[in-house]
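Chains as they are written, first to last, in the working numbering: chain A, 284 to 370; chain B, 284 to 370.
Some hints here could point you the wrong way.
When chains are identical, the list treats them as one kind, so a pair holds in a single copy or across two.
[As the list claims (entries may be wrong)] Under the rule of at most 25 angstroms between Cα atoms (straight-line distance), these lysine to any residue pairs were calculated in the SDA-like manner:
1) K291 x E361
2) K291 x A349
3) K291 x I365
4) K291 x D334
5) K291 x Q315
6) K291 x L354
7) K291 x T337
8) K291 x D320
9) K291 x A338
10) K291 x R369
11) K291 x P305
12) K291 x R348
13) K291 x R330
Honestly, the hints are just simulated from the structure, not real lab data.
This structure is a prediction, so every number in the text was calculated from the model and none was measured.
Number of protein chains: 2
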Amino acid sequence: MTAPPSMKAIVSITFREGVLDPEAAAIARSLQGLGFDAVRNVRRVRRIELDLATADAGEAERMARAMCDALLANPVIETYGIEVARS
Amino acid sequence: MTAPPSMKAIVSITFREGVLDPEAAAIARSLQGLGFDAVRNVRRVRRIELDLATADAGEAERMARAMCDALLANPVIETYGIEVARS
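Make a model of the complete structure from these sequences and hints.
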């Protein structure tokens, strides 16, 4: 028996240029307050790894894109990138 | 004039094997509820990109590791990886 086909879609969601990320700003301030003076800027990325029951990389990417548009990302303030790999 | 030296440290924080991630489970259920039946598993990664005022990659990695241990990651339930790149 072989394992059922599966692809991994990796979604990376970031705030659009110019959108303030208060949590990233708080992390930067906290690190500086702990003495990490070299910290210039902090940026957060939400990365979501999806195991998908398909053997087709193109289909996996289309599904991941539809999931971003339907639920995972907020298009008003966020953008996303998708990578697909065999899992 | 040249720009001051700067390195980017990319920290990827994940839950340890066996630690339940309720938010990832909720995302999986919501996607399945929206009709994305191909979703088998969802894993979240917290990615934090740090711009650091140093030209030394080794120093950047040491600083990022110290920041993970001091603030960014919870060693009880999380592990982290660090990549360093010229920014």
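Structure-based check of all given hints:
| no. | hint | result |
| --- | --- | --- |
| 1 | K291 x E361 | both (22 angstroms within a copy, 22 angstroms between copies) |
| 2 | K291 x A349 | within (15 angstroms within a copy, 31 angstroms between copies) |
| 3 | K291 x I365 | both (10 angstroms within a copy, 22 angstroms between copies) |
| 4 | K291 x D334 | within (5 angstroms within a copy, 29 angstroms between copies) |
| 5 | K291 x Q315 | between (37 angstroms within a copy, 16 angstroms between copies) |
| 6 | K291 x L354 | within (18 angstroms within a copy, 30 angstroms between copies) |
| 7 | K291 x T337 | within (9 angstroms within a copy, 35 angstroms between copies) |
| 8 | K291 x D320 | between (38 angstroms within a copy, 15 angstroms between copies) |
| 9 | K291 x A338 | within (10 angstroms within a copy, 35 angstroms between copies) |
| 10 | K291 x R369 | within (6 angstroms within a copy, 28 angstroms between copies) |
| 11 | K291 x P305 | between (30 angstroms within a copy, 20 angstroms between copies) |
| 12 | K291 x R348 | within (13 angstroms within a copy, 28 angstroms between copies) |
| 13 | K291 x R330 | both (13 angstroms within a copy, 18 angstroms between copies) |
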